[in-house]
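Peer 1: This is what each chain is made of:
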Amino acid sequence: MRRWFDDLPKYADDSSWWPKGTKRCRPEIFLIWLGLPLTLLAYFSVGAVLCLALGLNQTNMNDYFAFGVWIVVDLAVIGLGAGAFFTSFLNYVVGKTELKPIVNAAVLIGFICYVGAILMLGIDIGQPIRGWFGFWHANVHSMLTEVMFCITTYAIVLTIELLPSVLDNRRISRVPEFGTFSHNLHTIMIVFAAAGTFLSFFHQGSLGGMFGVLYARPFAARGGLGIWPWTFFLFIMSAIAVGPSFTTMVVMITEKISGRKLTKHSVKMLMGKISGWLLVVYMVFKSADTLWWAYVKLPAAGLTFDNMYHAPYGFWLLWVEIGLCGWLPALMLVQEKIRASYGWMFLAMLLACIGITLNRFVFTIQSLALPVLPFEKFYSYLPSWQEWGIASLVLGFGLLVFMLAYRYLPIFPQEPELND
Amino acid sequence: MVIDLDKCTGCGACSVACMSENNIGVLHNETDKIRSITWMRVYQIDNGKSFPDTEVAFIPRPCMHCQGGKSGTPGQAFFQEGPMDEEAHPPCVSVCPATATDYDEETGIVSQIPTRCIGCRYCVAACPYHARYFNWYDVPWPKGSPRALSPFVSPRMRGVVEKCTFCYQRYQAARNKALVDGGEVGEMDYQTACTEACPSGAITFGQLQNPEHKVHKLISSDYTFRLLEQLHTNPKVYYMSKREWVRKKADNYVTRHNKFAQAAAQSGH
Numbered sequence: 001m002r003r004w005f006d007d008l009p010k011y012a013d014d015s016s017w018w019p020k021g022t023k024r025c026r027p028e029i030f031l032i033w034l035g036l037p038l039t040l041l042a043y044f045s046v047g048a049v050l051c052l053a054l055g056l057n058q059t060n061m062n063d064y065f066a067f068g069v070w071i072v073v074d075l076a077v078i079g080l081g082a083g084a085f086f087t088s089f090l091n092y093v094v095g096k097t098e099l100k101p102i103v104n105a106a107v108l109i110g111f112i113c114y115v116g117a118i119l120m121l122g123i124d125i126g127q128p129i130r131g132w133f134g135f136w137h138a139n140v141h142s143m144l145t146e147v148m149f150c151i152t153t154y155a156i157v158l159t160i161e162l163l164p165s166v167l168d169n170r171r172i173s174r175v176p177e178f179g180t181f182s183h184n185l186h187t188i189m190i191v192f193a194a195a196g197t198f199l200s201f202f203h204q205g206s207l208g209g210m211f212g213v214l215y216a217r218p219f220a221a222r223g224g225l226g227i228w229p230w231t232f233f234l235f236i237m238s239a240i241a242v243g244p245s246f247t248t249m250v251v252m253i254t255e256k257i258s259g260r261k262l263t264k265h266s267v268k269m270l271m272g273k274i275s276g277w278l279l280v281v282y283m284v285f286k287s288a289d290t291l292w293w294a295y296v297k298l299p300a301a302g303l304t305f306d307n308m309y310h311a312p313y314g315f316w317l318l319w320v321e322i323g324l325c326g327w328l329p330a331l332m333l334v335q336e337k338i339r340a341s342y343g344w345m346f347l348a349m350l351l352a353c354i355g356i357t358l359n360r361f362v363f364t365i366q367s368l369a370l371p372v373l374p375f376e377k378f379y380s381y382l383p384s385w386q387e388w389g390i391a392s393l394v395l396g397f398g399l400l401v402f403m404l405a406y407r408y409l410p411i412f413p414q415e416p417e418l419n420d
Numbered sequence: 001m002v003i004d005l006d007k008c009t010g011c012g013a014c015s016v017a018c019m020s021e022n023n024i025g026v027l028h029n030e031t032d033k034i035r036s037i038t039w040m041r042v043y044q045i046d047n048g049k050s051f052p053d054t055e056v057a058f059i060p061r062p063c064m065h066c067q068g069g070k071s072g073t074p075g076q077a078f079f080q081e082g083p084m085d086e087e088a089h090p091p092c093v094s095v096c097p098a099t100a101t102d103y104d105e106e107t108g109i110v111s112q113i114p115t116r117c118i119g120c121r122y123c124v125a126a127c128p129y130h131a132r133y134f135n136w137y138d139v140p141w142p143k144g145s146p147r148a149l150s151p152f153v154s155p156r157m158r159g160v161v162e163k164c165t166f167c168y169q170r171y172q173a174a175r176n177k178a179l180v181d182g183g184e185v186g187e188m189d190y191q192t193a194c195t196e197a198c199p200s201g202a203i204t205f206g207q208l209q210n211p212e213h214k215v216h217k218l219i220s221s222d223y224t225f226r227l228l229e230q231l232h233t234n235p236k237v238y239y240m241s242k243r244e245w246v247r248k249k250a251d252n253y254v255t256r257h258n259k260f261a262q263a264a265a266q267s268g269h
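Just so you know, the protein sequences line up as chains W and R, in that order. Counting in my numbering, the first sequence runs from 1 upward without gaps. Counting in my numbering, the second sequence runs from 1 upward without gaps.
Keep in mind that the hints were calculated from the coordinates and are not lab data. One thing to keep in mind: the hints can contain errors.
[As the list claims (entries may be wrong)] Residues of chain W placed beyond 10 Å of chain R at every Cβ, according to the derived structure:
(1) 43
(2) 56
(3) 127
(4) 136
(5) 143
(6) 171
(7) 252
(8) 253
(9) 285
(10) 331
(11) 366
(12) 420
[Said to hold, decoys possible] Footprint (simulated), chain W over chain R, 3 or more residues, beta carbon under 8 Å:
(13) 123–129
(14) 162–176
The beta-carbon is built from N, C-alpha and C at its ideal position, and this holds for glycine as well.
Extracted from the complex, chain W is given alone in its bound form (with noise of 0.2 Å):
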């Protein structure tokens, strides 16, 4: 199908470097889609330049709501990530190999989701120059100290991880040394995925744990095993759960807006299939949290359920995420009819990613928002317009990073063969 552009006159010409068997649009147009990560880039610059020249007061956090939008953007995207780690356990490690094809980009998406996070917690932190006392300092009790250290090196794996993408450029894997590390990095690949599962694996838990702790803040304490709180193993369970829907959803938006097919559709149901039972496994042990928190973990606090949901933290939020963006996705994506459909797969993946979003939300901001103390005062919390600049990195680099490795990285193996 010829497009309007395709009559255009040249002026660049970089089909050289596009993966083999592929076509990718004229560099002219792809110049002007950049716009739109740049555009969001330069709106996280000026938030950023703000914070770190002023200070948080940019910011509408306070001494209540210590944590804002940027904590849940991060524990949203590691979450979303998680399908980088899953996958490749599932493809290098259990052998599930039919998830081949679509690996590189879960890894891809994994390495924009922790990159992105780290780069907001630069900011986040009020003494940003000293981020890396939590490594010197370390306190080994603190569930973010496990977080940071967890995600700074699967960071590091997520590089070496994506390297062989790089290096498998058609231009690149000229250069015969590239061609053969590049061969030699798949050959040990399995080492990098187990490590990266054990990694992922403890910080997303470790994300849940940071929350499930705070003993004296009773919508986000629970109870558990030995030093870890159910919300550790809740929040490992989550991830799993929606890290490859998030995967196939960034897949399938990425075939809509080419106009072209990256994986068999086979691929992206196995994925929903995986995704759905999870989510399943996931619901069960959610919903009997919710039961054992609100009959048994408030009342010994002294507080009862009804006290937990305030306007505009009420109820909807809690039936949202786990009916509606919990239960239903998790029930539409274990039936194969609903898995076919490209629609309805797509809607209930959506769901599903909303509703991790929705968890890691009330976590974070409606823990906040309750007043502990009897006489406390109840607040809710917007973030500024700083605050959405710097939260508006992760989708401009993601976007950015994605769009770059698409056109020039051999991300979809089946592309070729799907689209003659």
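Chain R: place on chain W using the hints.
Peer 2: Relative to chain W, chain R alone:
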């Protein structure tokens, strides 16, 4: 520390003394109370009744210097569990990723090291008493004012967390004096600035476990209570009031009766 709420008039002298003693700056906009810094904050509460039955009380709230763990019974050891027991830690200390806050086993004081704080605010989120404050702004010290600051306390920089230290610098001075004199730190050798400043003598400070100290006797009273007892934060700040409605405001529906029942059950009585 024991604070008699029936004596507190809400004058705020404790807050002012605290700010002066601990070099707490005054921001451009001090009306923004969810961002200004008041280590010793005074809450106003009322009994919820309309005139003429309205009653008001004030609750001065320093850092509670929690130990965590389940509390003991009055007259026995108040802090039964060792630091290695589950939950026997303040809510804020174990969460800090950079060990910028610590629990002193000798004094029971929760310390804060602003120069090590990375400003992640996890401890602020962990504290149910809102006793921890983040420096959202640079303090606009007026010209010449730094010369009036206390040389014993470092002013804090933007981007770090700070909180009440029970005037730890005063403890250090008293300890040094005791070392030189060859004695021990006496009850009146170490008093916090807020205790000294309170015009109605509502604040009493001392060693909770020392039978010679006034606070030890005060906490055995039937009218003492702590804030959020049921959360097992095990604070070292006690309050007193003969008014039942005031005592009921201390926790979410906890009563004096079930507090003692719990304590008795824990100690096996």
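Peer 1: Would you mind marking each hint as holding or not holding in the structure?
Peer 2: Evaluated hints:
no.: 1; hint: 43; result: holds (22 Å)
no.: 2; hint: 56; result: violated (6 Å)
no.: 3; hint: 127; result: violated (5 Å)
no.: 4; hint: 136; result: violated (8 Å)
no.: 5; hint: 143; result: violated (7 Å)
no.: 6; hint: 171; result: holds (42 Å)
no.: 7; hint: 252; result: holds (36 Å)
no.: 8; hint: 253; result: holds (33 Å)
no.: 9; hint: 285; result: holds (22 Å)
no.: 10; hint: 331; result: holds (35 Å)
no.: 11; hint: 366; result: holds (12 Å)
no.: 12; hint: 420; result: holds (52 Å)
no.: 13; hint: 123–129; result: holds (count 6)
no.: 14; hint: 162–176; result: violated (count 0)
In summary, the structure is inconsistent with hints 2, 3, 4, 5 and 14 from the numbered list given earlier, while agreeing with the others.
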